[in-house]
Amino acid sequence: MNRSASSTTDVVDKQSHPMSDLLRMDRMPHIWCSGCGLGTTLTCFIMAVRESGIDEKKIAVVSGIGCSGRVAGYINLDSFHTTHGRAIPFATGLALANPELRVVVYSGDGDLVAIGGNHFIHAARRNMDILVICVNNFNYGMTGGQAGPTTPVSARATTAPYGNYEYPFNIPYLSIASGATYVARWTALHMRRLKNSIAEALPKKGFRVIEIICPCPTAFARRNRLGTGLDLMKYYHDNSIIKHGADPREADIGMTGKIIVGKFLDIERPTFRDFLVENVWPKIGRK
Amino acid sequence: MKLWRKPLDADTVKVPRGRIYIIKDQCKGCGFCVQYCPRNVLELSQEFNKKGYHPPVAAREEDCVSCGLCELICPEFAIYAELVEEEKQKDSQETQKAEV
Amino acid sequence: MAEDRRVLTGEHFMSGDHACAEGGLAAGCSFFAGYPITPSTEIAERMSERLPEVGGMFIQMEDELGSMNAILGAAWGGWKSMTCTSGPGFSLMMENLGLGIVLETPTVLVNIQRGGPSTGLPTLPGQADMMQARWGSHGDYEIIALAPNSPQEIFDLTVRAFNLAEEFRTPVLVMSDECVGHMTEKVVIPPKDELEITPRRYTKKKPGEYLPFDFGEDEIPEMVTAGDGYRIHITGLTHDRRGYPVINAEAQDWMVRHLINKILKNKHRIIQLEEINLSDAEVVLVSYGISSRVAHRAMDLAREDGIKAGMLRLITVWPFCDEKIRELAERVKAFVTVEMNMGQVALEVERCACGKAGTYLVPHAGGEVHNPDDIYQVIKEAAK
Chain V
14 MNRSASSTTD
24 VVDKQSHPMS
34 DLLRMDRMPH
44 IWCSGCGLGT
54 TLTCFIMAVR
64 ESGIDEKKIA
74 VVSGIGCSGR
84 VAGYINLDSF
94 HTTHGRAIPF
104 ATGLALANPE
114 LRVVVYSGDG
124 DLVAIGGNHF
134 IHAARRNMDI
144 LVICVNNFNY
154 GMTGGQAGPT
164 TPVSARATTA
174 PYGNYEYPFN
184 IPYLSIASGA
194 TYVARWTALH
204 MRRLKNSIAE
214 ALPKKGFRVI
224 EIICPCPTAF
234 ARRNRLGTGL
244 DLMKYYHDNS
254 IIKHGADPRE
264 ADIGMTGKII
274 VGKFLDIERP
284 TFRDFLVENV
294 WPKIGRK
Chain W
3 MKLWRKPLDA
13 DTVKVPRGRI
23 YIIKDQCKGC
33 GFCVQYCPRN
43 VLELSQEFNK
53 KGYHPPVAAR
63 EEDCVSCGLC
73 ELICPEFAIY
83 AELVEEEKQK
93 DSQETQKAEV
Chain C
89 MAEDRRVLTG
99 EHFMSGDHAC
109 AEGGLAAGCS
119 FFAGYPITPS
129 TEIAERMSER
139 LPEVGGMFIQ
149 MEDELGSMNA
159 ILGAAWGGWK
169 SMTCTSGPGF
179 SLMMENLGLG
189 IVLETPTVLV
199 NIQRGGPSTG
209 LPTLPGQADM
219 MQARWGSHGD
229 YEIIALAPNS
239 PQEIFDLTVR
249 AFNLAEEFRT
259 PVLVMSDECV
269 GHMTEKVVIP
279 PKDELEITPR
289 RYTKKKPGEY
299 LPFDFGEDEI
309 PEMVTAGDGY
319 RIHITGLTHD
329 RRGYPVINAE
339 AQDWMVRHLI
349 NKILKNKHRI
359 IQLEEINLSD
369 AEVVLVSYGI
379 SSRVAHRAMD
389 LAREDGIKAG
399 MLRLITVWPF
409 CDEKIRELAE
419 RVKAFVTVEM
429 NMGQVALEVE
439 RCACGKAGTY
449 LVPHAGGEVH
459 NPDDIYQVIK
469 EAAK
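Residue numbers (our numbering), protein chains in the order written: chain V, 14 to 300; chain W, 3 to 102; chain C, 89 to 472.
Don't take each hint at face value.
In silico lysine-lysine, BS3-like type, Cα no more than 27 Å apart, as pairs [stated by the list, open to error]:
hint: 1; chain 1: C; residue 1: Lys280; chain 2: V; residue 2: Lys296
hint: 2; chain 1: V; residue 1: Lys70; chain 2: C; residue 2: Lys293
hint: 3; chain 1: V; residue 1: Lys27; chain 2: C; residue 2: Lys294
hint: 4; chain 1: V; residue 1: Lys247; chain 2: V; residue 2: Lys271
hint: 5; chain 1: C; residue 1: Lys292; chain 2: V; residue 2: Lys71
Cβ-Cβ distance ranges computed for the label pairs, FRET-style [as the list claims (entries may be wrong)]:
hint: 6; chain 1: W; residue 1: Asp65; chain 2: V; residue 2: Asn252; range: 24 to 34 Å
hint: 7; chain 1: W; residue 1: Leu10; chain 2: V; residue 2: Arg262; range: 43 to 53 Å
hint: 8; chain 1: C; residue 1: His356; chain 2: V; residue 2: Pro174; range: 54 to 64 Å
hint: 9; chain 1: V; residue 1: Lys256; chain 2: C; residue 2: Ile285; range: 51 to 61 Å
hint: 10; chain 1: C; residue 1: His226; chain 2: V; residue 2: Arg299; range: 35 to 45 Å
hint: 11; chain 1: C; residue 1: Gly98; chain 2: V; residue 2: Gly66; range: 44 to 54 Å
hint: 12; chain 1: C; residue 1: Arg289; chain 2: W; residue 2: Arg62; range: 51 to 61 Å
In short, the hints are calculated from the structure, not lab data. We put the CB at the ideal spot given by N, CA and C, even for glycine.
Construct the entire structure; sequences and hints are all you get.
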């Protein structure tokens, strides 16, 4: 540790950071833009991992492609950076082969509900033992800000120069309709609530989805004149309504208006493995 | 006129004190920590870091209570606070006095 | 229960698809993810029944993209895994076959080929995916592909595919066809202790010392399993020995050369050929899979007529047996490639013959096997 003291603020080496054991500090600074909220969500995840008390060795993170996909490369756990949209099926194989693992899919909205949308709904239907953390920044940030499956109607994007004319997915509604057993939404500003939510969902079984609304100042906000990352955080502060158990049909997100956050659903239902172990294995004499 | 009353145990409860550590070259100057610090401890400095951003500086570190919000909100893993132990607090005050 | 049901030792009257499934089980496969598609579906069906019996797991995925990824995930979860497909499903698997190659993941993909392009001939044979097997995923790489010509051989080669996958830490293809898949013949499954099974090459290094893409002279990195405390990071991006992404030409050169060298340096351990009547042959038939059985008949017809015909049967199609073709080209008159496509492996034969021997092709668009007479006519032409 290199903590050279100064009169007001200690300027220190990156290895001294309290989370350096769960981050690949040799890869810092990360690639995310100034004002992007992804780093904040990762901090919340790391703190939740600590709080959950789960053996870190037994947590695996699988990511797809995109800005959020880079999480796998920064977290110092067993981590897999797969192809675009395919984090969930990769995680399915991993979770089934090694039931001791807590498998977390950490990816973006475009990755999970556009190109990976089919895998998303089917893993939810099967109630696969996966915690999905879906960072929603309303566009494809890494490729320069194209419209995506969550881009609000009328928002501008590089592939929607006249304003988006498609209806977006409402991720909590989609998750619940597909069969997820734990569904929550927070913004990157709700750090403590988000951390608590991840810590609560991590030890649970089944298909769990936590959507995180996250600022993308470089691509989405710039093109829509929404200001800096900080301006977006202020927008979340002023316009988020915490409403646990809200009807997910009311949770659409537009260019203006309120963002409903909170825990939409927390139920139990037999998982893929439970069903197999309880209903299939006895038939063939397997324990 | 004061609209609040002083709690009865105000003299015995110690306000915790924090110390702030900044990994200057990892900062990208988003300003989240400055904006959301509940005790208004931080300011963006005038200096440039390696990447050309203005990292924060603890302008009023004596007000820090080590609530940890800056560490939680920082997207760059570039800032954290530690609770200063009472004895250390005393020590550092003495040191400061000595320096003065 | 479990393990004693894994190897069904004995003589069976069994379809190629079922023999393939049994080969996978005998080789230690515990995880199968697949999507129904004719003519490979029977492999998935048999696996759905058999895997739960032996302590394994079967999952029917939502598509072939998911299937290919799930078997990669299962491999990193510590299990031997496989999938099977046909026709358009093979196209869908190409994306993540590439991921498997770059992540250097041991797994097995079986393609029971049918007629294409597109939906093509779902219930009839083809061998027109051979070049897709070689080049189908984007980017440069080398692949291992085996081509069985009987239910017995699909059993044997599925076992071998698992062994090669573990030996070289890479996905291995079994490129069969509808005829072999749906043909029912005698299949002998040996006793468990007579089967040669390659175990996973787990590292003996400690966490902190192990790098997921570090290798020695033979270019083959060692494996770990997620959850063992190694805190590995692996990525489909171009990466270094640590698995960390590095986006530049130098890292690309290192990684791509490694992926290619890993297979090419070890060709002698991979390539398996059957040589029939080659010692005095003037015309050499080059064939594989079901076509080789028809070519064999044509060779016999030619021999009956006094033409010195021989056959080189490619049991391993990829990596290609360049050296063998070059060596034969020095002394034979011509090669006749017999395959159920319009000329794919024939291009490789032509490349390696290098003009030193004639090269002929007996093409067939698929849907049925060649007529031996058609092949014989080309042999006669080649022998002139």
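Against the structure, the hints come out as follows:
Distance restraint check for Lys280 of chain C and Lys296 of chain V: the Cα-Cα separation of roughly 26 Å lies within the 27 Å cut-off, and the hinted pair is therefore satisfied. For the hint linking Lys70 of chain V to Lys293 of chain C, the alpha-carbon distance of about 16 Å falls within 27 Å, and the restraint holds. Proximity of Lys27 of chain V to Lys294 of chain C is assessed by CA-CA distance (about 25 Å); at most 27 Å being required, the pair is judged to hold. The straight-line distance between the Cα atoms of Lys247 of chain V and Lys271 of chain V is roughly 13 Å, inside the 27 Å bound, and the hint therefore holds.
Our distance criterion of 27 Å between C-alpha atoms is met by Lys292 of chain C and Lys71 of chain V, whose separation comes to about 20 Å. For the pair Asp65 of chain W and Asn252 of chain V, the beta carbons lie near 29 Å from each other, so the given range of 24 to 34 Å is met. For Leu10 of chain W and Arg262 of chain V, the Cβ-Cβ distance of about 50 Å falls inside the hinted range of 43 to 53 Å, so the restraint holds. A C-beta distance of roughly 58 Å is found between His356 of chain C and Pro174 of chain V, which places it inside the suggested range of 54 to 64 Å.
Between Lys256 of chain V and Ile285 of chain C the beta carbon distance is about 57 Å. The supplied range of 51 to 61 Å therefore holds. Separated by about 41 Å at the C-beta atoms, His226 of chain C and Arg299 of chain V satisfy the suggested range of 35 to 45 Å. Evaluation of the 44 to 54 Å hint for Gly98 of chain C and Gly66 of chain V yields a pass: the beta carbon distance comes to about 51 Å. Taking 51 to 61 Å as the suggested C-beta distance range, the pair Arg289 of chain C and Arg62 of chain W conforms, at roughly 59 Å.
Hint compliance for this structure: no hint is broken.
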